[in-house]
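Those protein sequences? They're chains A and B, same order as listed. So the first sequence is numbered by our numbering: it starts at 36 and just counts up by one. So the second sequence is numbered by our numbering: it starts at 36 and just counts up by one.
If you are wondering where the hints come from, they were derived from the structure by calculation, not from laboratory data. Owing to the predicted nature of the structure, the values given are computational and were not obtained by experimental measurement. Please note that a few of the clues may not be correct.
No copy labels: a pair is met if it fits in one copy or bridges any two.
[Stated by the list, open to error] List time: in silico SDA-like cross-link candidates among lysine to any residue, alpha-carbon distance up to 25 Å:
id, residue 1, residue 2
1, K222, P325
2, K149, T284
3, K204, V183
4, K149, P127
5, K340, D247
6, K291, L341
7, K340, R255
8, K129, Q189
9, K193, D101
Number of protein chains: 2
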Amino acid sequence: MNVAVIGSGGIGGLYGGKLYQAGVHVTMVCRSDYEVIRDRGITVESIWGSFHYRPHKVVRSVSECDPIPDYLLVCTKAVSDDTALKLLEGLPEKSDEVAVVLLQNGIYIEEPVKKFRPDLTVIGGIAFVCTFRTQPGYICHTDYGRIVLGDYPQGVSKKTRLLADTFKKAGVPCEVTEDIIRARWGKLVWNAAFNPLSVLAGGKDTGEIVSDPYLLNIARSVMEEVVRLADADGHPLSPAVVDENLEATRAMSPYKTSMLLDYEKGRPMECEAILGKAVKKAEELGVETPTIRTLYNLLMSFNRKLGGKNRDV
Amino acid sequence: MNVAVIGSGGIGGLYGGKLYQAGVHVTMVCRSDYEVIRDRGITVESIWGSFHYRPHKVVRSVSECDPIPDYLLVCTKAVSDDTALKLLEGLPEKSDEVAVVLLQNGIYIEEPVKKFRPDLTVIGGIAFVCTFRTQPGYICHTDYGRIVLGDYPQGVSKKTRLLADTFKKAGVPCEVTEDIIRARWGKLVWNAAFNPLSVLAGGKDTGEIVSDPYLLNIARSVMEEVVRLADADGHPLSPAVVDENLEATRAMSPYKTSMLLDYEKGRPMECEAILGKAVKKAEELGVETPTIRTLYNLLMSFNRKLGGKNRDV
Chain A
36 MNVAVIGSGG IGGLYGGKLY QAGVHVTMVC RSDYEVIRDR GITVESIWGS FHYRPHKVVR
96 SVSECDPIPD YLLVCTKAVS DDTALKLLEG LPEKSDEVAV VLLQNGIYIE EPVKKFRPDL
156 TVIGGIAFVC TFRTQPGYIC HTDYGRIVLG DYPQGVSKKT RLLADTFKKA GVPCEVTEDI
216 IRARWGKLVW NAAFNPLSVL AGGKDTGEIV SDPYLLNIAR SVMEEVVRLA DADGHPLSPA
276 VVDENLEATR AMSPYKTSML LDYEKGRPME CEAILGKAVK KAEELGVETP TIRTLYNLLM
336 SFNRKLGGKN RDV
Chain B
36 MNVAVIGSGG IGGLYGGKLY QAGVHVTMVC RSDYEVIRDR GITVESIWGS FHYRPHKVVR
96 SVSECDPIPD YLLVCTKAVS DDTALKLLEG LPEKSDEVAV VLLQNGIYIE EPVKKFRPDL
156 TVIGGIAFVC TFRTQPGYIC HTDYGRIVLG DYPQGVSKKT RLLADTFKKA GVPCEVTEDI
216 IRARWGKLVW NAAFNPLSVL AGGKDTGEIV SDPYLLNIAR SVMEEVVRLA DADGHPLSPA
276 VVDENLEATR AMSPYKTSML LDYEKGRPME CEAILGKAVK KAEELGVETP TIRTLYNLLM
336 SFNRKLGGKN RDV
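This is chain A alone, in the form it adopts within the complex (with noise of 0.2 Å):
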């Protein structure tokens, strides 16, 4: 198995390795941390074991790799929609084999790149982990770990069914489901209330967050919003959710989120992956969220300033 992986911060760096350790063979698309990662490769420290690894081949841009991946692993930070579509003019013609998995956060990100190429298999991936860039070429993994790929927009392919097994094997837990989109708008029910609140919030780590009753009062009714959208776009969520992930919160240790991490290293944060679309489709579905629509107006005013794409307003 071939896979390219895009990216090298905290999630391309860990699954990158982790597949690199199963056996695969793993090009390293990268950006800014290019010629750390060629003369040293990647350091990662993990939960699952610290280990050390050299890319077999370590690239600029998608076009470089060869032989052409089986796989097209994008791990960057789902910041705009024409990131993915940069990548794939990168890409070859004739290479309809390829499967585009986008392990990102955020809800219908796959929509553009589907649209731009319907010939290719494009697989959703989302992971539940504490996981990020030290400094280039070095991975820090805290807790967790799971990843959840389906077909977009539904079903499951022996190509994912495939890249799921050779994950299990690196001992990467990982599940295959029929409904992306629902497992998607599952993990928004946690990001969208966590992520913007721990910038607007002033800086607050999740622990911070659950014990604040002003912002629990946030964080329940923009859950109660996403749980709304799932069901108006038809793929329900337990009520219970809300409940469960707060439980979840409390349980676990405190950590700071993306969104804030990003927020003070003043890099764009995930705004249109995490609320804008949601906002968009709540629109295009006629569902009330004016909660999330509050804190988008809110983080896209931060966001500005740090260089991240608008969308119209």
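Chain A is fixed; fit chain B onto it per the hints.
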């Protein structure tokens, strides 16, 4: 006429001084600025002409007012219902002739006073003014200055009319209204939007808010919710007030809201008066105000750190 002015900040210092100029006997009730004002009086730099005055009396509490004033002009920040009630405790018994004038921000702030002392005339006052204390005994009045007065919950008593006439004699544009609650809802349209956003967007002046499409979205939602609330409360505003307020804000020189000034100085913000009471009223009336509620909860989370009074949530 004998007036006791509570609070020697921007509002109290300015309007107390104007009444002084109109020949009113002014007792200034101060806390932290007591000594400075007793010794040196108050200097007002004003667009109406700068002046200096020494109040006829400077005291530390209402109980020291002698003679008992005709009007108790409450000009403190409306950070908690307790403030006004504590002041009234200082009022000697049989002071039924005293009118309490709440020249403060917010909605339904007169209610606890009226409940505590139903015998008193309770007058609501709204000041449309940019004025602030630069240091103890120094007031800077930079723009506007109009006052609206009305009896709570409705009507215009002789006492209210007399005070309005005295303000006018002092050169202060002053109107009376039969429906002070409606007037408060009208001012809240602006206050509920711009005060919270100036803080929550990371310290923005009014000009920055109206020129940011994301913040403008939120401001509009808040304003529409206030219009719906006032309507449900039986004090309807014209729906045109939303555009009128936005237009007026675009036209005015950008400035920092009082809430932002408080926040920057680490002082408690008027969350309850400006937002909390609106949220409570919305619950009573069964009106949905999700945008206001979200901003309220975010602000209260910030306010906790500033020592602001918390409402049970």
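Can you give me the call for K222 and P325, within, between, both or neither, at a CA distance of at most 25 Å? both (20 Å within a copy, 23 Å between copies)
At most 25 Å between C-alpha atoms: does K149 with P127 qualify within a copy, between copies, both, or neither? within (17 Å within a copy, 77 Å between copies)
First find the shortest C-alpha distance between K129 and Q189 inside one copy, then the shortest across copies, and answer within, between, both or neither for a cut-off of 25 Å. within (24 Å within a copy, 78 Å between copies)
Go through the copies and call it for K340 and D247: within, between, both or neither, with a Cα cutoff of 25 Å. between (28 Å within a copy, 11 Å between copies)
Intra- versus inter-copy proximity for V183 and K204 (alpha-carbon distance at most 25 Å): within (15 Å within a copy, 75 Å between copies)
Is it within, between, both, or neither for K291 and L341, if the alpha carbons may be no more than 25 Å apart? both (19 Å within a copy, 23 Å between copies)
My question is about K149 and T284: at a cut-off of 25 Å on alpha-carbon distance, are they close within one copy, between copies, both, or neither? Cα proximity of K149 and T284: none, with 34 Å in one copy and 45 Å across.
From the Cα coordinates, with 25 Å as the cut-off, is the pair K193 and D101 best called within, between, both, or neither? Within one copy only: 23 Å inside, 90 Å across.
What label fits K340 with R255 when the C-alpha limit is 25 Å: within, between, both, or neither? The answer is between: 22 Å across copies meets 25 Å, while 28 Å in one copy does not.
Checked against the numbered hints given earlier, the structure breaks only hint 2 and satisfies all the rest.
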